[in-house]
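*Asks:* Protein chains in written order, with this note's numbering: chain A, -15 to 97; chain B, 1477 to 1586.
Source of the hints: derived by calculation from the structure; they are not laboratory data. Treat the hints loosely; a few may be bogus.
Unchecked claim - Dumping the calculated BS3-like pairs for lysine-lysine here, alpha-carbon to alpha-carbon at most 27 Å:
1) B:K1573 - A:K55
2) B:K1530 - A:K37
3) A:K37 - A:K2
4) B:K1573 - A:K37
5) A:K(-13) - A:K55
6) A:K41 - B:K1530
7) A:K41 - A:K54
8) A:K39 - A:K(-13)
9) A:K55 - A:K37
10) A:K39 - B:K1573
11) B:K1530 - A:K(-13)
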Amino acid sequence: DVKVTQSSRYLVKRTGEKVFLECVQDMDHENMFWYRQDPGLGLRLIYFSYDVKMKEKGDIPEGYSVSREKKERFSLILESASTNQTSMYLCASSLFNLYNEQFFGPGTRLTVL
Amino acid sequence: GIQVEQSPPDLILQEGANSTLRCNFSDSVNNLQWFHQNPWGQLINLFYIPSGTKQNGRLSATTVATERYSLLYISSSQTTDSGVYFCAVASRGATNKLIFGTGTLLAVQP
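Isolated chain B, as found in the complex (with noise of 0.2 Å):
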């Protein structure tokens, strides 16, 4: 089945840093999410983003679809940026079943 691998596994900023997570799939998705879990555990959406860029406020995501990655960009970073994130991908066969990555764990300190 489709491989996922994030990187960083961990990451540590100070607020107002900028920082990139990566996220390598292993094969064509019709679907790439990036997810953030908060503190409680709740998935919250960030992206869905097969393929391009977007933008949302201080985050933005980029997909390279046919070199099968994306990337996630976190600009001036703040303490409520902490938590796990995650990229999720589903492929062509089997467009119901998110794949999860190993998230990165990331911490921001004032």
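Isolated chain A, as found in the complex (with noise of 0.2 Å):
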């Protein structure tokens, strides 16, 4: 079976601070990719790795970078964390091929005080 696990479950930071929110699974999948879910607005691609330190912005990147060091690791990092920013975060990954099955994390519920 596929495993995506996510650092943490739940997570509090207060306004300004540096979050890293770190992904890993151990499916050797080349794309890994992260959402944010809100309410009222669905799950969002924020950004996606296709390969070891290579990344693409998905539909909502502004506030947010990510780091892809190791293909079973996938970071994101909040530089400087917002209150707009409190979400549930959900990592997944997915071979490299025309079908692209992701396979989702736990998620990581965000509030930023």
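Build the complex from these two chains, which are given one at a time in their own frames, with help from the hints.
*Replies:* In structure tokens form, the structure reads like this:
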């Protein structure tokens, strides 16, 4: 079974703090993704990566950056957290092929005070 | 971009009842997935089904790609089936980008 893990289930941070969300997958997948999920807005893609050190912006990259130094690990960074970044963050991974079946981690519920 | 619509938005069932959830999409797709989001927020993969029919226990799914819709069938529902069901698609021109529907909130009552 594919396993995608995220570093925290719940996180509380203060405005202005630098926040790191970590995601690790154990299936040697090339693609990794970060989404956020908000009531009424659904799931929206923040960034994705198709290889080590490669990244592409999704639909809502503003206020976020990412890092992929190793194939199995994809980090989402909030350089200066703001209250409007309070959300559920979901990481996913998939093989780099035509089909791109994505598998999701358990999610991190981030609250910025 | 591709549009994904799910219906119904909400559904309440008695335990043991059957249900059908629908997903309509506006363009040809390379990927169609059904997910169940449990009360803790995790998205559980149910089916990868860009076309055809699949079954897994009490759940089955059918995608008619030429008519641009997919159906998820839940039979003999249980309280543990409660949660939000999402359909997500990726178009042929953007296979990396999953577009999610707004979901169907299912509540199964004992």
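*Asks:* For the pair supplied as a hint, K1530 of chain B and K37 of chain A, is the alpha-carbon distance within the 27 Å limit?
*Replies:* violated (37 Å)
*Asks:* Given the proposed pairing of K39 of chain A with K(-13) of chain A, does the C-alpha separation stay at or below 27 Å?
*Replies:* At roughly 21 Å apart (the allowed maximum being 27 Å), K(-13) of chain A and K39 of chain A satisfy the hint.
*Asks:* Given the hint that K1573 of chain B pairs with K55 of chain A, test it: the Cα-Cα distance must not exceed 27 Å.
*Replies:* holds (19 Å)
*Asks:* Take a quick look at whether K1573 of chain B and K37 of chain A sit within 27 Å of each other, Cα to Cα.
*Replies:* Satisfied, since the Cα-Cα distance of roughly 19 Å is no more than 27 Å.
*Asks:* Between the alpha carbons of K(-13) of chain A and K55 of chain A, is the straight-line distance 27 Å or under?
*Replies:* holds (14 Å)
*Asks:* With the threshold set at 27 Å, check whether the alpha-carbon distance from K41 of chain A to K1530 of chain B stays at or below it.
*Replies:* violated (33 Å)
*Asks:* Is the straight-line distance between the alpha-carbon of K39 of chain A and that of K1573 of chain B 27 Å or less?
*Replies:* Holds, at roughly 13 Å.
*Asks:* For the pair we were handed, K55 of chain A and K37 of chain A, check the Cα-Cα distance against 27 Å.
*Replies:* holds (9 Å)
*Asks:* Can the restraint linking K41 of chain A and K54 of chain A be considered satisfied, given a maximum Cα separation of 27 Å?
*Replies:* Roughly 19 Å between the alpha carbons, so the hint for K41 of chain A and K54 of chain A holds.
*Asks:* Check whether the Cα positions of K37 of chain A and K2 of chain A lie no farther apart than 27 Å.
*Replies:* holds (21 Å)
*Asks:* Given the proposed pairing of K1530 of chain B with K(-13) of chain A, does the C-alpha separation stay at or below 27 Å?
*Replies:* holds (23 Å)
Violated hints for the displayed structure, listed by number in ascending order: 2 and 6.
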